[in-house]
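Colleague: Given next are the chains, with one letter for each unit.
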Amino acid sequence: MASTGLSSSNSSSSSYDLSFKILLIGDSGVGKSSLLVTFISNSVEDLSPTIGVDFKIKLLTVGGKKLKLTIWDTAGQERFRTLTSSYYRGAQGIVLVYDVTRRETFTDLSDIWAKEVELYSTNQDCVKMLVGNKVDKESERVVSKEEGMTLAEELGSLFLECSARTRENVEQCFEELALKIMEVPSLLEEGSAVGKRNILKQKQVHHTSGGGCCS
Amino acid sequence: MEKKRVADDHEVEPAVPVRVDRFGFVKQEQNSAEGLCRSRSASEYEREERRIRKWRKMIGVGGSDWKHYIRRKPHVVKRRIRKGIPDCLRGLVWQLISGSRDLLLMNPGVYEQLVIYETSASELDIIRDISRTFPSHVFFRQRHGPGQRSLYNVLKAYSVFDRDVGYVQGMGFIAGLLLLYMSEEDAFWLLVALLKGAVHAPMEGLYLAGLPLVQQYLYQFDHLVKEHLPKLGEHFAQEMINPSMYASQWFITVFSYSFPFHLAIRIWDVFLYEGVRIVFKVGLALLKYCHDDLVLFHCCQTEVVSVSYNFVVLSLEPAHGSYALDLGLAYS
Chain S
1 MASTGLSSSN SSSSSYDLSF KILLIGDSGV GKSSLLVTFI SNSVEDLSPT
51 IGVDFKIKLL TVGGKKLKLT IWDTAGQERF RTLTSSYYRG AQGIVLVYDV
101 TRRETFTDLS DIWAKEVELY STNQDCVKML VGNKVDKESE RVVSKEEGMT
151 LAEELGSLFL ECSARTRENV EQCFEELALK IMEVPSLLEE GSAVGKRNIL
201 KQKQVHHTSG GGCCS
Chain F
1 MEKKRVADDH EVEPAVPVRV DRFGFVKQEQ NSAEGLCRSR SASEYEREER
51 RIRKWRKMIG VGGSDWKHYI RRKPHVVKRR IRKGIPDCLR GLVWQLISGS
101 RDLLLMNPGV YEQLVIYETS ASELDIIRDI SRTFPSHVFF RQRHGPGQRS
151 LYNVLKAYSV FDRDVGYVQG MGFIAGLLLL YMSEEDAFWL LVALLKGAVH
201 APMEGLYLAG LPLVQQYLYQ FDHLVKEHLP KLGEHFAQEM INPSMYASQW
251 FITVFSYSFP FHLAIRIWDV FLYEGVRIVF KVGLALLKYC HDDLVLFHCC
301 QTEVVSVSYN FVVLSLEPAH GSYALDLGLA YS
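In order, the protein sequence lines correspond to chains S and F. In terms of the working numbering, the first sequence opens at residue 1 and continues consecutively. In terms of the working numbering, the second sequence opens at residue 1 and continues consecutively.
Hints may contain errors.
[Claimed, not checked] Here chain S is said to cover these stretches of chain F; the calculated rule only asks that three of the stretch's residues, wherever they fall, bring their Cβ under 8 Å from a Cβ of chain S:
id	stretch
1	92–103
2	124–137
3	165–173
4	246–257
[Unchecked claim] The calculated lysine to aspartate or glutamate pairs, modelled on DMTMM-like cross-linking and capped at a C-alpha distance of 20 Å, are:
id	chain 1	residue 1	chain 2	residue 2
5	F	78	F	65
6	F	288	F	222
7	F	83	F	44
8	F	27	S	46
9	S	66	S	189
10	F	27	S	45
By construction, these hints were calculated from the structure, which means they are not laboratory data. Keep in mind the model is a prediction, meaning the values are calculated, not measured. Even glycine gets a Cβ: it sits at the ideal position worked out from N, Cα and C.
Could you build the full structure based on these sequences and the hints that come with them?
Modeller: See the structure below:
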């Protein structure tokens, strides 16, 4: 039935060096959840609309570092902004998604979503990535790649065109974002603080025999 | 096999027969989970027949005896509903206990008017979500098929009927669930009964701008967790986990969104009769059910959420063979 956070369940005990929080935003139906599911698992399926928030965790190695990405997926419909706005807090990366076959989803990024980021993001240095999704529907395209690049420049963000359906550029999207985050000292520090804590916990688990990590 | 008509009337791909469970959802895998493709023994079948006879007697022809019965023996009704309404009578009983039947009778022609003559600002939003609502159910699978058309009509009609609410994602799952048990017009009036509060507190605040009722319920749920599951409540507080991370869809869709269907309809039986407190109770029961696993996990914030969330879901996944969630526990 609807999407769940299931695929992340196996990752909880693995170790990692850095941990980052990523947020996916954009209009309803642009393919935020699809991008995420395609990135996390290999399945490409039709998904239900996201109600409120959902999230998944992905462990991956980028630039020789083991990363844990916690990716928060948000509902695109306007009515849900009251629930989703609190999830901008502490995000090191924000992915702004539009659908290349629907112009209003593109204009809403500068009219609405970029303003939401300004308003709610607590990280001054937070890295943004602009993503034009559904490039597999080339014949229906109404937003050109050049327009995307221009907007990315205006927003000071990275830019990629993707297809969740064909998987084109999906991994690159998250990897490039992670690489860029690691280049920003303040974000790197935040990410490694959590990483260290994680390693500490792991050691504790090792030392206390059989009891789990809590007291 | 009462839902068979759905499967028979609207074959999606006649050439390739689709395997569906007894509720009409396309089967993904072979492994049998309880309630899905288990064949019933003769004694179970007889028991079910007896139950249906009892229910028929209780409601009378077309629901004529229902009001009388409910006034005389409310506790019997409550007990029987908690045991589950027979699937073949579910649609009718839902309309009786929600008060929607009365609304329908008092407003002849209104639904037709809303569907045919009015236009709604939400039409495009609704269309975009139609194929994303219960896409694995035979009734809703076919593009522009009867299922998708009915779902569109009900949602559009509601968005016109109450323009302040309009259409909010999540309403589609409620309407979809209802449409598996009743006609378009009946489903519409049941939606009205719920949102406008024919019998219980109105639900429209779950969908109005600012989602005020969602905020209120999440706040209350947070306190209930602290009160009834203090150890878990403290743990959640420490790890900065709040109910908006896992429970908003429980309230917004009354478990119709991502819950195993055979459990969702049992929850709906009781929800329609006893009101939203059942959503709180089931939510608390879920956390209680996963309590020990949830408290075990520390580590950084998001990990715990993921774990908590996943446990709730995992423990209900048929693949994990654990259908132990005791609805009796939930309602007590």
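Colleague: Can you give the numbers of the hints that this structure goes against, from lowest to highest?
Modeller: Of the numbered hints, just 1 does not hold.
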